[in-house]
Each structure stands twice: as structure tokens, then as C-alpha cells.
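Peer 1: Chain by chain, the residues:
Protein chains: 2
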Amino acid sequence: MRQSQLFTKTRREAPKDEVAENAKLLIRAGFISKELAGVYTFLPLGLIVLEKIKNIIREEMNAVGGLEVQMTTLQNPELYEKTNRWDDEVVDNWFKTELKSGGKLGLGLTHEEAITAMLVGHVSSYKDLPMSVYQIQKKFRNEIRAKSGIMRGREFTMKDLYSFHANEEDLNDYYDKVKGAYERVFERVGLGELTYFTFASGGIFSKYSHEFQTLSEAGEDTIYVNEEKKFAINKEVLDEEILAEFGIGMDDLVEKKAIETGNIFKLGTRYTEPLGLKFIDENGETKPAIGASYGLGVDRLMGTIAEVMSDDRGLVWPRNIAPFTVHLVALGTEGGEAYTEAEDLYRVFSELGIEVLFDDRNLGAGEKFADADLLGMPYRVIVSDKTLASGGFELKERQSGEVRMVNLEELIEIVK
Amino acid sequence: MRQSQLFTKTRREAPKDEVAENAKLLIRAGFISKELAGVYTFLPLGLIVLEKIKNIIREEMNAVGGLEVQMTTLQNPELYEKTNRWDDEVVDNWFKTELKSGGKLGLGLTHEEAITAMLVGHVSSYKDLPMSVYQIQKKFRNEIRAKSGIMRGREFTMKDLYSFHANEEDLNDYYDKVKGAYERVFERVGLGELTYFTFASGGIFSKYSHEFQTLSEAGEDTIYVNEEKKFAINKEVLDEEILAEFGIGMDDLVEKKAIETGNIFKLGTRYTEPLGLKFIDENGETKPAIGASYGLGVDRLMGTIAEVMSDDRGLVWPRNIAPFTVHLVALGTEGGEAYTEAEDLYRVFSELGIEVLFDDRNLGAGEKFADADLLGMPYRVIVSDKTLASGGFELKERQSGEVRMVNLEELIEIVK
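Taken in sequence, the protein lines are chains R and D. Just so you know, we're using our numbering here: the first sequence kicks off at 729 and counts up by one. Just so you know, we're using our numbering here: the second sequence kicks off at 729 and counts up by one.
These are computed hints drawn from the structure, not numbers from a lab. Note that the structure is a prediction, hence the values are computed from the model and not measured. Hints are supplied without guarantee of correctness; some may be wrong.
Note that identical chains are pooled: a pair holds if it fits in a single copy or bridges any two copies.
[Stated by the list, open to error] Dumping the calculated DSS-like pairs for lysine-lysine here, alpha-carbon to alpha-carbon at most 27 Å:
#, residue 1, residue 2
1, K752, K762
2, K832, K737
3, K737, K905
4, K866, K832
5, K984, K875
6, K935, K963
7, K744, K963
8, K828, K762
9, K867, K762
10, K1006, K737
11, K1006, K1096
12, K957, K985
13, K1124, K737
Just need the whole structure built from these sequences, with the hints factored in.
Peer 2: Now the structure itself:
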């Protein structure tokens, strides 16, 4: 894409009321725009990142047999009354609205109830189970404060998968499969090394729930990391009992701040019982299905990456989710030799299917370099009279800062 | 995909409270599920259709230079107060909600205000124009009645594009380009012949707005079609003046019922003036940009197709947007020769990238045929002992009902 056609402009300063580092950077770089506290529009570059993350998640959920659906934002109170989650005294972050024709509605803050009720017409026998259904969609939470940028918005995009099983063994097997899928997602978006499978408080059905916690000083959670076994314990469940259970002492753990980027938990019959998702088992007995729920914040992942990978010059995107692989920067006089060469290179890249943002704007080198650093594509390629005189192009790796001269063949080998 | 793994079951009857033919069929076929009147979940097959329609629209919007963004559902009343569209007396179908931290919010029913305000920081000079920005996203309208299925929901998916220009000539040029893009969308989704470019009531800035009206007895609009010139006039603007303008008489027009599937209109400075989207022109003068707005209902398109293409046996999907191209039906005993052959064919299709739904369920022929007709894939292929004995497969075209025997080579040629 030609940068001259990208309407978004970079900014020197973020809005004064914005405190989160991720939002400050993403707003300055023109990836997002602030509508209200905790409510952000995704501009073209930001939307590309969001869609790339969604597609990675989608591929991994499909790989474990998940079928994608799209539930609704408007939610029927009747369902939540059956599970005792409608009352504001019980769930304190509903957005509620009213129908002109009468009656209240909620804005989806989670979809356990809706998905369970929807499936009632589609399950009758144990042969219909297991079942794994997910969606990638907006959720709405009426947070009193919203100061974490896109890491915890009032309106945000989440992948939520729900699985239903005939027995606990089957649930446990599938739960482990999804855990594996989550690990692949974190790996692929570039957060594999920073993310820990974390034991957190459970519920009625199981002793622990499990979180995926990504290390960051901006995190709201405190976790205790065991580097050797690569897992962590959330502060909320850290006691003598859990230490004994894992056969470790406090000396084996390091306290860290972290962002809860994903969480998975076993629900048992918490929703299937009150909402009537039942099946007839092999012995002719009618039972409620056993469920689990698997959440992953899509824009929260993006915000976390902006938070933990950036440096003082701007964003640094991992290659798999960068809006473009290459930021091609033409220097010199518009229409001059370097621009013509850059145009050629842009065409070559496009023909090879290499994703490239071409800075064809009539601006000085300093401004172009500052923008390239702020936008954070993995590779910056400069075409100028100077680089052409030395027979090639200047390639800079955004993350390492490493700069070198390359010819066309070498360049394509690296970025293709 | 294997049908045994698709959790949705077909139903003989639609819910009693459902009156719209599109929703009845889509619910019976397991493409959608009803949450509330006018509020539908998209199940796996329905979501595939929806995504295919979105992608066609996306390609055509990109082809006319549109840049995709994602605005928010939660809307700031301040913007709508500036354009006098917040008050329920003025706009009567808002869904409104309240922040826990105080203050009202709206649920996006349109995004002229939000997009105009968002662009203020990105436009300063005539060199920044024209600008064309779109999104494909949910909208919410608090309809008193919702009886049209997914053709007019309370929560629905819409593509809305907005363009901004420095002068009227540029606006008019671009407006015609988008008209062309719309015609290609209707062509590609299979509604080209049934859809008429229709003159409807305009506003302050231009005499007429333009609708894309698709002929259907289920339509809420009455239009007057001129077959020869392939355009129509909405009843609301039909008078002596418009007839004179087009040089036609009432004899040249035929009255039809139609569904408004798209609409495009010139807004002038209706939103840019109150919201301050201004630019400095070539003479140094500050002016508000001139805008236009282009809407297209995504699920409305899908509902219209379900409505106008179906027959008494079920849905009939045009090939470009069908969930799968082929419905492969194995008959006979599970594990028998026909099943084994069908498994082979399923593998061949999958390797060739042919989209196939494989009915591998252990059910009788009658039930499988009824489901295939109801689900409406363009081609049904039967593999049975009988077809194998005669050396091939039975191919049925869903739309024409034409049935013939084909060998593997012929089959692949047709469906690939």
C-alpha cells in the first residue's frame, strides 16, 4: 500500500487523558482512535493487526475441531435470570438497554448462557457430544474506570470457545487440547516466551481455573513464576497447600507483574443444568452436559504486544501480525532516480506477494524515519541516491536495530 | 466438512412466532438461530455465507480505494447533539444505555457522526482529500416491530462507506464509481438481474438519493420499474415532474414490490459542518469537506437471497456465496463400498480445494435428500451401489433440478 493513500497521520502527542502506554503509542501511530475512555476505533493499520491475530486464533480453534458461530450482542434477560447473573447486585458490569416495544435487554458481556440455550435444540443423545463452538466478537463491560487502553476496554473483541461433553474424562482430554492450541496462538503472535500457564482460583467444578499470563510491568495481576517447569501460580491461590501440591517452595518462585491474556476453566453443569442442555447417555439416562469455557482477548493481545515489544521510538510488531512486513522508504526528490527505483521495488514486492507499505510521500528523511520507527514494521528498506551509489538498499531490522546494505536478491530472500 | 461433525440439526418446523419466509427457512436449515425478535445468531453454515458476502463487498470497496476501519458500537451523545440526532423525538430508534461511571451512551445505528469526528485529526489540506473509509460491522436499531427475519433486524451487519471530497465534481465522480462497485456486488452475489438502481427522496444537498431495490413480494417498498433503461423510481418520489425529467410516461413503468438492499446518498456538508471536518483549499480558504454515504445490508442481502431464490423444498444458494459448492451424499451401509468410494471422492475434492459438505451420517436416503434440498448447495452428488454399478456418480443441480450421471473427470470439471 502507498502511504500517500493512507489517510491516518502520525501524532507527536497522545491525547492528554490517555494513560496507558499501549493506547498512547497506537494512537500516535494512527492504529486506533479514541471514542471514549475504553472505547476505541480501529483504523486501517490497527485493523490489519487485529484481523491477523483473529486469523491465527481461528486457525488454531479450527485445528481442535471448533466450529465458528456469531452470537448476538443483544441478550435476553430470561436466560441470565435462570443462572442468576442478571441482577446488578450479582454481576456489576452489565450494560443494559431497553426495547421500544417494552422490556430490558443486556449487551453481551459473556455468552455462556446464550450458547448453552442455543444448543438445546441441537443436542439430544451422547452421540451429539462432544461439541466445540466458538466465536470472535465484541463484548461489552461497564467498567467504572477504563485506564488500560485496549488491554481492558469497555467494548472489546474476544474469542470465546465453549465445549460440551458427556463425561469428565472427555472434558479433561479436550481441555488439554485447547491448552495446546492456546500455547500455539501465543507462540505465533510472538508472546510465547513471555506467557505462562498459570493456576488461578477455580470454582465449584474444579479446584483451579487456568490463566495465560503475559509478563509486563503494565499488568494488573501478580503471579509467581516457576522458570524451571515454565508455569506460574496466581497470587490469589498461593498458599502452603498449592506449594505442597506442586512439590515446590517459595524459593522456586519469582514474583512478577503480568497481564491476563487468556483464561480457560471447567464449568461442569453450572450453565447446562439451569438452561436444560441435556442428553441421553448410553444407558438411556438423561443428564446435563458438562461444559468448559475458553476465553482469549483479541485486542488485549494486540495491546499487550504494543506494551511489551515497543521501545522509546515506537511500536515493534512481530512478523506474523505486522500490518506490513516491509516499510519501503524512498528518499530524495519526488520523481528522481531513487523514487523511480523505489517504485520498481514496490512493484516487485507486490508481485511476489510481499506485504509492503511504500512511503512515497514528499517529506524529508527525518520525518520518514521517525514514522517508520513509530509504525514498527519488521523491516525498513531505504532507497536513496546514496544506497543506489553503493549498489543496493539499506535494510534495517526494527527489533534489533541492525542496519546493513543488501542487493535485490538478498533483500527478497530475507523479507519474502 | 463432514456433516457428522456439524452440530446443527435441521428442523421440520420453524418457531411459531416467526413470520418471515427467509428466517423460517434459515432456521429450519440450521443457518441461524433466533435469540429474540429481530436478533439472530449465525450458526456455522450461516456464518460462512455471511463471510462470503462480506468478502465480495470488501473486494469491491477496496477496488474503489476504500480503506477499511472498525468503528465502535458505543456512541458518544455529544457528537449526535451537534448534529441534532440524539433526541428520541428526532431519531426514534436509538438503543441507549448508561455508563456505571455516569452519562448516557448510544448503540451505533449509523456512523456518519463518529466517522466525521474521527477524521478531523487526519484532514487539514485539500491534498488530504478525497478520502474513502468503510467498515463492515453490526448496527442496532430499536424497531417497534421486527417481523422481517434477517432482512430487517434489530441487530444487523452493515457495510457503510463514507467519502469526503474537496468539491462537488470530485464527489459526483466518486459517487458514480461506488454505484459501479455496488452493481458488481449485486452481480457477484447473484442478485444482478433482480436489482434496480432506484431514484428515491434526496435531502438538502441533492434532489434524489439512490437505492438498490431487489424485486421481491416480501419487500416493504413499492417501486416503478423501467425495464428498457433498467432503472426504477420509488413510489415516494413518483410525480409528473420526475416523469418529465426522465422523458417517460406511466405506461413505461411497472409497479413492483421490492426490498431496499442498498442505498447511497450525497450528504454535502450536513455532518462535516457541525462536526468541524474542514480543510484549507488551494486558495488558502477554510471549507467543510463534502461527503457522501453508501450503505449495504450484509445480512439483509443474505435474507433477500434466501427469500427470492428458495423454492418449496428449501434454500438455493448462488455458487459464489454457497457455504459449500458440493453436497456429497453417501448412501447404503456405513463402511460399505459406496461409503468407501464417497470417502475417496471427499478426499479428492478436498485436495483440489473444492468446497464440499460430506453427508457421512448413518441415515436413510429420504432424510439425506430432504436435508440436501433444504440446505441448498449448488450441486448434490450421490454415491450409491446403484450409481457405482452404472460407472459413476449422480449429479443434481439444485437450482434447475437437472439430474445426470457423470464420471469422475466430468464431475470435477463441473464443480471445480
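Peer 1: Next step is simple, just say for each hint if it's right about the structure.
Peer 2: Evaluated hints:
1. K752 - K762: Classified as within; 10 Å inside a copy, 41 Å across copies.
2. K832 - K737: neither (42 Å within a copy, 31 Å between copies)
3. K737 - K905: between (43 Å within a copy, 26 Å between copies)
4. K866 - K832: both (20 Å within a copy, 20 Å between copies)
5. K984 - K875: within (21 Å within a copy, 54 Å between copies)
6. K935 - K963: Close inside one copy (15 Å), not across copies (66 Å); limit 27 Å.
7. K744 - K963: Intra 33 Å, inter 52 Å, cutoff 27 Å: neither.
8. K828 - K762: between (30 Å within a copy, 19 Å between copies)
9. K867 - K762: both (17 Å within a copy, 19 Å between copies)
10. K1006 - K737: Between. Shortest inter-copy distance 16 Å satisfies the 27 Å Cα cut-off; intra-copy 55 Å does not.
11. K1006 - K1096: Between copies only: 26 Å across chains, 61 Å inside a chain, cut-off 27 Å.
12. K957 - K985: within (18 Å within a copy, 68 Å between copies)
13. K1124 - K737: within (23 Å within a copy, 55 Å between copies)
Hints 2, 7 from the list above are not met by this structure, while the remaining hints are.
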